[in-house]
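*Asks:* Dock chain B against the given chain A, drawing on the hints supplied.
Quick mapping for you: the protein sequence lines, in order, are chains A and B.
According to our numbering, the residues represented by the first sequence are 26 to 262, in order.
According to our numbering, the residues represented by the second sequence are 4 to 566, in order.
Calculated directly from the structure, the hints in this document are not laboratory data.
For clarity, every value in this text was computed on a predicted model and none was experimentally measured.
Glycine included, C-beta positions come from ideal geometry on N, C-alpha and C.
There's no promise every hint is true.
[Said to hold, decoys possible] For each label pair, taking beta carbons as the anchor points, the in silico distance ranges come out as:
id, chain 1, residue 1, chain 2, residue 2, range
1, A, Lys79, B, Gly197, 42 to 48 Å
2, A, Asp255, B, Pro87, 50 to 56 Å
3, B, Asp98, A, Asp137, 35 to 41 Å
4, A, Val82, B, His131, 51 to 57 Å
5, B, Lys483, A, Asp137, 36 to 42 Å
6, A, Val82, B, Gly197, 35 to 41 Å
7, B, Thr273, A, Asp241, 47 to 53 Å
8, A, Asp241, B, Glu173, 53 to 59 Å
[Said to hold, decoys possible] Only pairs whose alpha carbons sit at most 25 Å apart, straight line, appear in this in silico DMTMM-like list of lysine to aspartate or glutamate:
id, chain 1, residue 1, chain 2, residue 2
9, B, Lys280, B, Asp266
10, B, Lys259, A, Asp91
11, A, Lys196, B, Glu488
12, B, Lys402, A, Glu247
13, B, Lys181, A, Glu183
14, B, Lys402, A, Glu183
15, B, Lys127, B, Glu144
[Stated by the list, open to error] To list a few chain A residues with every Cβ distance to chain B over 10 Å, as calculated:
id, residue
16, Pro76
17, Gln186
18, Pro245
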Amino acid sequence: MSKNYISKINRRDSLKWLGSLTSVVVVGGVVVACDAPEPEMPVVQEESQWPDLKFEVITGPKYGQDPDMINPTTPWPRTLTADQLNLVAHLSDIICPADDGGPSATEVGVPDVIDEWVSAPYESQQSDRVLILNGLQWLDDEAGRRFNKLFMTVRASEQIQIIDDIAYASKASEPAFEHAVLFFAKLRTLVFGGYFTSPEGIGDIGYMGNVPVLGDYPGPTEEAMAHLNDVIANMPA
Amino acid sequence: MASFDGFEYDVIIVGSGAGGGMSAHILTEAGVRVLLLEAGRDYDPLTETPMFNENHEAPLRGVSTSDKDFGFYDATVDGGWDVPGEPYTSAEGTDFMWYRSRMLGGRTNHFGRITPRFNDRDFKPFTHDGLGVDWPLEYDEMAPWYDKAEKLVGISGNNPGVYDVPDSGEGVLQPPAKPRVYELLVKEASEKLGIPMVPIRRAVLTRAIDEREACFNATACGRGCSIGAAFQTTTSVIPWAKKTGNLKIVTDAMVKEVHLGDDGKTTGVTFVNRKTKGDVRVDADFVILAASACETARLMLNSKSDKFPGGIANSSGQVGRNLVDSTGADVSGHIPALKGRPRYNEDGLDGSHLYIPWWDYDGQDDGSVNFKRGYHFEVGGGFGAPSMGVGRSVDGYGKSAKQDVRDNYGSNIGFALRGEMVISDDCYCEIDEQVKDKWGIPVLKFHWKWSEEEINQAEHGLEWAAKIIEAMGGVVTSPKRTGEEAILAGGQIIHEVGTTRMGDDPKTSVTNKWGQTWDVDNLYIMDGGVFASNPHKNCTITILTLAMKNATKLAEQILGERS
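Isolated chain A (complex conformation) (with noise of 0.2 Å):
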């Protein structure tokens, strides 16, 4: 990770977040994006101690606007180094653990996930990009501030100790934390989503289609009309 700190006079003082990763919702076979857009970055201030890093764009290959579908390849490389993986996979399986309903998040891979996806060569993932690695370095400057140590080697108690400080949304609004906060929910949805979409998370989020039901639609199971019975029941008069 190259350090190119920016004094703070020449930092952009406002910084438009992409995104892409709207609850997006199929309406009529195509699908419309049915959500809040991305939060805007707030202004860096001298409280924040938010990193700030710059990085260089990357900028190819795409896999253009004809891929093969059938046999999908990803044609860009991965960039995270070695130790930015790790901690990527450690977050991950707080994040994410194994539970009763389903595995941890790296026993399904969702570290590659992230590392693929940072990686892109699109203009949304290339803010994820910048996020995500500026807030794994926040995370090393802060149990370095706190514990003179990096968040790797600090005890596990003290990592949570951080992460309870920047994983909930009411935390944004101390200017300490306001951009970790964008961070890890960032790192959140990618982590669930790369867990949610893999075989085994799709398994325990009970997704039961894409398999070909032959015939007419069956539509809702019993189980499924007596829940919602009970809902229409109870709904607001």
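*Replies:* Same frame as chain A, but now just chain B:
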């Protein structure tokens, strides 16, 4: 008869989407010989559709990128909001987006397959509210053609007995799919508010016809459909036309000019061979333009002659004018009562099984509604294939956050408003003489401005979507917006039509009601350009129906002249 590459033909068709594909089918079936020119590459849904591929197999888990605007697996080839080397420009203050594809079958390969027909009032908007113009057609004249087109395309749905949704003929429609849980809940809430929610008409087969199979209730229609259940010209009308032996298709043929002869008739077209980059001139007795509303207008405006300095068949000056899209505004809600609901397979026909048609004609008539044209809500939600955004709304981390993602799955509902805009002098396209595409063809420049009509309509939609969400005990999760903030960009709904409108008067319209240009009697337009207005009903089925009706008449004329 003209000939090309050893193939003799009567008619050149430019474009292989809804209008061009249907025209080719009708003409070749009748015995007319057709040379079909398609700007994009050849495309075969049987072998190219990623039917069961999962998101984790795709780069970036299949999310949208600038290369694939509707996600990695969307059928669109070499197209999108930006086509490399084929720009368009916008006037200052204009926010217009133009979606194109460069493939056989055009945009029919990925469209939403929502196929509502217009009602009597849709054909006479001026008569009802004094805005825009009436169509030179009556609903009664169109109804039997709608029946024929719906039967041929294969439409599932029903006759719900709602004024906005006219009945199809006996035996025309295939059975609609059963509604899902979240749709039944929206129906319950809507009906409490006095709003109907009915089966949506979609070009998705629930019964096999000809070589096309019934939908097997899986995979997204936007990817295309290798079994032919979701209608696209590349699995139906184009292969049928090929089978007659009367069709020759030339792909990678980007048409740049329509020629005019001394006798005032068109003599054919010139296209750029996209592979060799050379110009190829092809003659014809008849030319049908079906390149999409805006491409057709561009082609005509670029075809200048002494007789038509403003573009071929443009003595009215209306080519490129009257550009209309559907209005769009999206509202999403979270329904706590649906959290953790019992799982089952909600794929069905993909997309909506029920929708909310326009319900307040009375309000428009008595003035209690402050806009003149209607809209409908397409309703989305359910247990879709998990995507990268699936965990976006949770807070915290660890097991509780992971459980929150599971609980929230299937508990969000989206309302997509799709409405009618009023024709306006502010909305049109023209040639930008300063800019050419990579083929040397001058590009389009768009002008766009929403009026109070559309803003008020969007505002109304925001209000009613929120009412429905609240009636379900839900909360609106979209940000609070005014109608002006919520309305999507012009062109974004990809229902752009009207640029070569039909009419009764050659002074104010480009074609007659048969799609025949007033000025050049062997030049026809069979895409959405001929729409005289753009009702809130998704345009493809009406493009198909008009092309069927008008190509049938043209075939009769050509065969009559021949005998």
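*Asks:* That 35 to 41 Å hint for Asp98 of chain B and Asp137 of chain A (C-beta), does it hold up?
*Replies:* Holds: the Cβ-Cβ distance is about 38 Å, inside 35 to 41 Å.
*Asks:* Need the status of pair Lys280 of chain B, Asp266 of chain B: alpha-carbon distance at most 25 Å?
*Replies:* 31 Å, violated
*Asks:* With respect to the beta-carbon atoms only, verify the hint that Lys79 of chain A and Gly197 of chain B lie 42 to 48 Å apart.
*Replies:* 56 Å, violated
*Asks:* Given a hinted range of 47 to 53 Å, is it respected by the beta-carbon distance of Thr273 of chain B and Asp241 of chain A?
*Replies:* Roughly 51 Å apart at Cβ, these two residues keep to the hinted range, so it holds.
*Asks:* CA of Lys181 of chain B to CA of Glu183 of chain A, is that 25 Å or under?
*Replies:* 53 Å, violated
*Asks:* Need the status of pair Lys402 of chain B, Glu183 of chain A: alpha-carbon distance at most 25 Å?
*Replies:* 19 Å, holds
*Asks:* I want to verify a distance hint. Is the separation of the beta carbons of Asp255 of chain A and Pro87 of chain B within 50 to 56 Å?
*Replies:* 53 Å, holds
*Asks:* Look at the Cβ atoms of Asp241 of chain A and Glu173 of chain B and judge whether their distance stays inside 53 to 59 Å.
*Replies:* Distance hint for Asp241 of chain A, Glu173 of chain B is violated at roughly 21 Å.
*Asks:* Verify the proposed pairing of Lys127 of chain B with Glu144 of chain B, using a straight-line Cα cut of 25 Å.
*Replies:* 13 Å, holds
*Asks:* Is the claim that Pro76 of chain A lies outside the interface with chain B correct, judged by CB distances over 10 Å?
*Replies:* Given a closest Cβ separation of 22 Å, the condition holds.
*Asks:* Could you see if the CB distance from Val82 of chain A to His131 of chain B stays within 51 to 57 Å?
*Replies:* Since Val82 of chain A and His131 of chain B have Cβ atoms about 54 Å apart, the given range 51 to 57 Å holds.
*Asks:* Would Pro245 of chain A pass as off the interface with chain B, using Cβ distances and a cut of 10 Å?
*Replies:* 5 Å, violated
In summary, the numbered hints that this structure violates are 1, 6, 8, 9, 11, 12, 13 and 18.
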